[in-house]
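Asks: Please construct the entire structure, taking both the sequences and the accompanying hints into account.
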Amino acid sequence: MDSPKGKAALGVAYQIPRNTLALLMIAQVVVIVPYLLHLSPWLIAVGLFSGYWRTRVYQGVWDYPGRWVKAVLVVASIAAVVLSGIEGFSLEAVSSLLIIAFALKLIEMKNRRDAYLVIFLSYFVIAIQFLFDQSILMALYELVAIVVVTAAMVGLNQLHTQVRPLVSLKLAGALVVQALPFTIVVFLLFPRIAPLWSVPLPNSSTTGISDELTPGDIASLTQSDEPAFRVIFDGERPPPSELYWRGLVYSEFDQGTWRVGPRLLPQAPRVSLEDGLRYAVLLEPTFSNWLFALDLAEPGTNSVRPTRDFRLEASEPVLSVFRYEVRSDPRGLLDPGVLPEFIRIRETAIDPTSNPRLTEFARSLWQQTGSVVAFTEAVFRAIRQEEYFYTLQPPTYTGAGTIDQFWFDGRAGFCTHYAGALVYMLRVAGIPARMVGGYQGGELNPITGHLIIRQYDAHAWAEVWQPETGWQRLDPTAAVAPARIEQGLSAALSAADRASLSIFSNARIGDWAIAGSLLELIDSVELRWNLWVVGFDGNVQSGLLKSLLGELTPARVGMAMLGGGGLSLIVVLIVLFWRRRTLPRHPVELAFSRFAARLAAQGYPRRPEESPSGFVTRIASQVGLSDAQVGGVIAELDTLLYNPSVAWGNAELKQLKRQLRRLQFRLAFGATR
Amino acid sequence: MSSVDGRTFPERIIGSRFSAWLDKRVPPSPQITLSQRNIFIFPTRTGFVFSGLLLLLILGAVNYQASLVYAVAFLLGSLFLVTILYTFQNLSGLQLELVNARPGFVGEDLEFTVRVVRPQGKSREGIQLGWPSGIMQWAELLDKEADTVRLYVEAQRRGYQDPGRLLVETYFPLGLLRAWTWVDLNARALVYPKPVFQDFPISQQGPRDEGQLIDPFGSEDFRDIREYRPGDPTKHIIWRSYARSDELMVKQYASFVEPRLWLNLDDVSGGIEEKLSRMTGMALKATRQDREFGLKLGNLKLSPGLGDAHLETVMRELALYGFTER
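Just so you know, the sequences run in chain order A and B. Quick note on numbering: the first sequence equals residues 2 to 674 in my numbering. Quick note on numbering: the second sequence equals residues -14 to 311 in my numbering.
Calculated directly from the structure, the hints in this document are not laboratory data. C-beta: ideal position from N, C-alpha, C; glycine also. Please note that the accuracy of each hint is not assured.
Residues of chain A placed beyond 10 Å of chain B at every Cβ, according to the derived structure [said to hold, decoys possible]:
(1) A72
(2) L105
(3) R260
(4) L334
(5) W367
(6) A484
(7) S491
(8) G517
(9) K658
Using C-beta positions, here's what the derived DEER-type ranges look like [unchecked claim]:
(10) L44(B) / N112(A): 26 to 34 Å
(11) A602(A) / Q21(B): 32 to 40 Å
(12) L44(B) / S543(A): 17 to 25 Å
(13) S4(B) / K547(A): 51 to 59 Å
(14) D128(B) / Q60(A): 26 to 34 Å
(15) L44(B) / A516(A): 41 to 49 Å
(16) K220(B) / A629(A): 45 to 53 Å
(17) S4(B) / Q623(A): 34 to 42 Å
(18) S118(B) / T554(A): 34 to 42 Å
(19) L291(B) / R165(A): 52 to 60 Å
Replies: Here it is in structure tokens:
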């Protein structure tokens, strides 16, 4: 761009060095590969094909694409994005277009400027990948990708005649490694600010529970062993059967689907919880606001607030691993005493005609029992004693009256079926009840002592309201499959169900002790990664900095930044200048400069533009010495000074000095002779 | 892209003040070692674009609250900072020395030979040298500790030509920064007048019977008298002497050419520069024909001589005629 090389290349088309081209090709593959998970394979194909095209151009087999070919390529690629079913303004659409731009630029990359553009786009594509995945493995992978892309940039600035991709890679690696300390300092100290505007989000890859719940949803979540969140307890940890992580409250039921319903105003401040459970949650991105917590929960993080239905919500959608502190009271009551009328209406609303058989059943049951406790006990007894089954593969209940079909005909279902049926029956009886979605249980990692809650721990249960107890948890799954609650999903499943889940057939490897502890080790590494890197946000930052620096003033943070940054750059300086010694002056040079000084004293100054041999030649001819008398010295001087291929030692140096002295003597008397 | 004279942003803006300041900052010297005293460093346009990319990344990180996007931005920023040290280090410690300045004729290229020596230890890459009016050349210091670079500048005018300050620059390793310096190696090369070839003027033929015998049986100058030998041209027979002494004598003639030319500024026509050009041409022609020649240049008189050293002395006088600078 700024190089005068453009000048040197006048008349000759600038060729991007082979070194750089090779590295750019590698970089392109490395950078695009992770997108295989998110983007249409067609786009990947376009990317790789353009790389191939550019290689053919380099080999001189194909030509750069003409204007029309380029236009067709652009239109075809955009059509591919549209046809691949990506929704309008999503992160996938943005990254698809970026990759197209990147791939097509690669084909027509001709000069340095184009190469730099491709390099900068590569950095961008690398960064955007982190919006999809911030795991430690991806981070390590992309670090390598950054080294490769940087190596391409190094190649652009190396001597073109020397084609050595490995050397460029090595140097780029050294640069990146030496940049890491400073990166860490800035990462720790750079102020984190709240999002400035809303951005396109990924639309495909959100696993986890959502604000709409149909019975099949949670069953499909059990196919995934991705972590949903990790919890670090500070102190007491309740048994797994008590770990009901409330996330969403579904108040509306319509045509087989539970929905959260209109938002209610946030709850008035609660009494601060003195004792109870204290824990931190590291939530994987959900791209939603809802958070997960136990029982009556009070947030300990600024950007988290409680809701009217006793859940926790983040002020911004959780786009990256989010860490929040919670204090929970398992004995705390939700809405005890009098339920506000608008909530009572909301939580008892039901269309009794949607499942007429169950409506009939619930009404007669209510007439028999007359109290909430007796009513629910009767339902639980029915589930326990009659032929009800817990399965991930229930018969499909379709059309009208899906709960009827489940309760009376199929009698086999998943947590959502049972909880749904219970809530329906309670509402028919006029009792406030609602569906709650979240996770249940969690797996203890013995290395760090944290709990990991995976997607297959997703669960749904019911809550019923009574004046004395407020909202109280009722989990019919505990009646049909007590093992699910006490030991986790795997224990509750039939052999057929287990076989249907690939994650559990894989997880059997986890039964081997070594592999099991390896998985635990990986999980504990991921926990620390999420704790200190991915989940490092403004809250965590100010907590850490307060413990390190005390009172947080801009001056202190600035000083820390300067000190830490300076230190990390000094390290680089030491590495760079460590082995440097100034070359001692060339001994021949030294001998000659003494000779020249003596001649200058005799009245024969050396002209500034004269080479040593040129100087001797001139003086010799001025004085009238013959070529035979000085030719030897001149040749010797040139050889020893400027011909590095000739080896010489002390003997040669001594002889030269002797010759110079003789010459000086001759010159002194030359004029008189 | 760089401007024609190779100067980019800072110099162009600061202009002539800059060069005065530069003379103080980096004083002329035939040998110079680069250090923080004389190395300048500034981001290139690529570097500014790179910084813009960093800002975009940070903006993305803020809006997505993605720690690792922050990390990428900070890593690239740190890379930029580390590169400052690398780019500076790439020039620092280099020794530059003018080895030779080969004279040339007006219109030809003058060759300057500059020797670049790096300190032991870390190798240097991507170093370019060049005069403002010439083409940049790479110095190769990767596997060796010294490199001699030949730089060419078009010879403009007769006399000593100063190619100006030598630009030494590097964009290594990432091209985001440019480290450079303008060193004055006291370089000057002698520029001879552009030769114009013509015949030697008549008056340059020296006085008769001086010079070299080129044809002993020529017919121009009387040389000797000797006895007739068969085959002598009859018109050379001295009939008067035959009448007196009966001996047949012949006059011998010979041709002489004056080879010791005197090149005199007053003998050639044209303006002063044209005259010097013609003189240069004649000096070259005489040397090529192996003829001794002397030089009369105003008050200066160089006795006739022959050979490369003589030619060089003559041409130097022609080149510097009218200049006080020696």
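Asks: Hint by hint, note whether the structure agrees.
Replies: Structure-based check of all given hints:
At the 10 Å boundary, the C-beta of A72(A) stays outside the reach of chain B, the nearest C-beta of that chain being 26 Å off. Every C-beta of chain B lies more than 10 Å from that of L105(A), the closest at about 19 Å, which supports listing it as non-interface. Non-interface status of R260(A) relative to chain B is upheld: no Cβ of that chain comes within 10 Å, the nearest being about 27 Å off. The claim that L334(A) is not at the interface with chain B holds, since no C-beta of that chain comes within 10 Å of its own (minimum 35 Å).
For W367(A), the requirement that its beta carbon stay farther than 10 Å from each beta carbon of chain B is met, with the minimum near 49 Å. Non-interface call for A484(A) relative to chain B: holds, since the shortest CB-CB distance, roughly 38 Å, exceeds 10 Å. Its beta-carbon lying about 32 Å from the closest one in chain B, S491(A) satisfies the requirement of being farther than 10 Å from that chain. For G517(A), the non-interface assignment is confirmed: its Cβ lies about 29 Å from the closest Cβ of chain B, beyond the 10 Å cut-off.
Here K658(A) stays apart from chain B, with its beta-carbon at least about 20 Å from theirs, past the 10 Å limit. Between L44(B) and N112(A), the C-beta spacing of about 29 Å keeps the proposed range 26 to 34 Å intact. In this structure the supplied range 32 to 40 Å holds for A602(A) paired with Q21(B), their Cβ-Cβ distance being about 36 Å. With their beta carbons about 22 Å apart, L44(B) and S543(A) fall inside the hinted range of 17 to 25 Å.
Hint check: S4(B) to K547(A), Cβ distance near 54 Å, so the stated range 51 to 59 Å holds. Range check, D128(B) to Q60(A): about 29 Å between beta-carbon atoms, so the 26 to 34 Å window is met. Between L44(B) and A516(A) the CB atoms are about 43 Å apart, so this pair conforms to the stated range of 41 to 49 Å. A hinted range of 45 to 53 Å for the beta carbons of K220(B) and A629(A) is consistent with their spacing of about 51 Å.
The hint said 34 to 42 Å for the Cβ distance between S4(B) and Q623(A), and at roughly 36 Å that hint holds. The supplied range of 34 to 42 Å is broken by S118(B) and T554(A), whose beta-carbon atoms lie about 56 Å from each other. Here the CB-CB span from L291(B) to R165(A) is close to 54 Å, well matched to the stated 52 to 60 Å.
In this structure, the one hint that does not hold is number 18.
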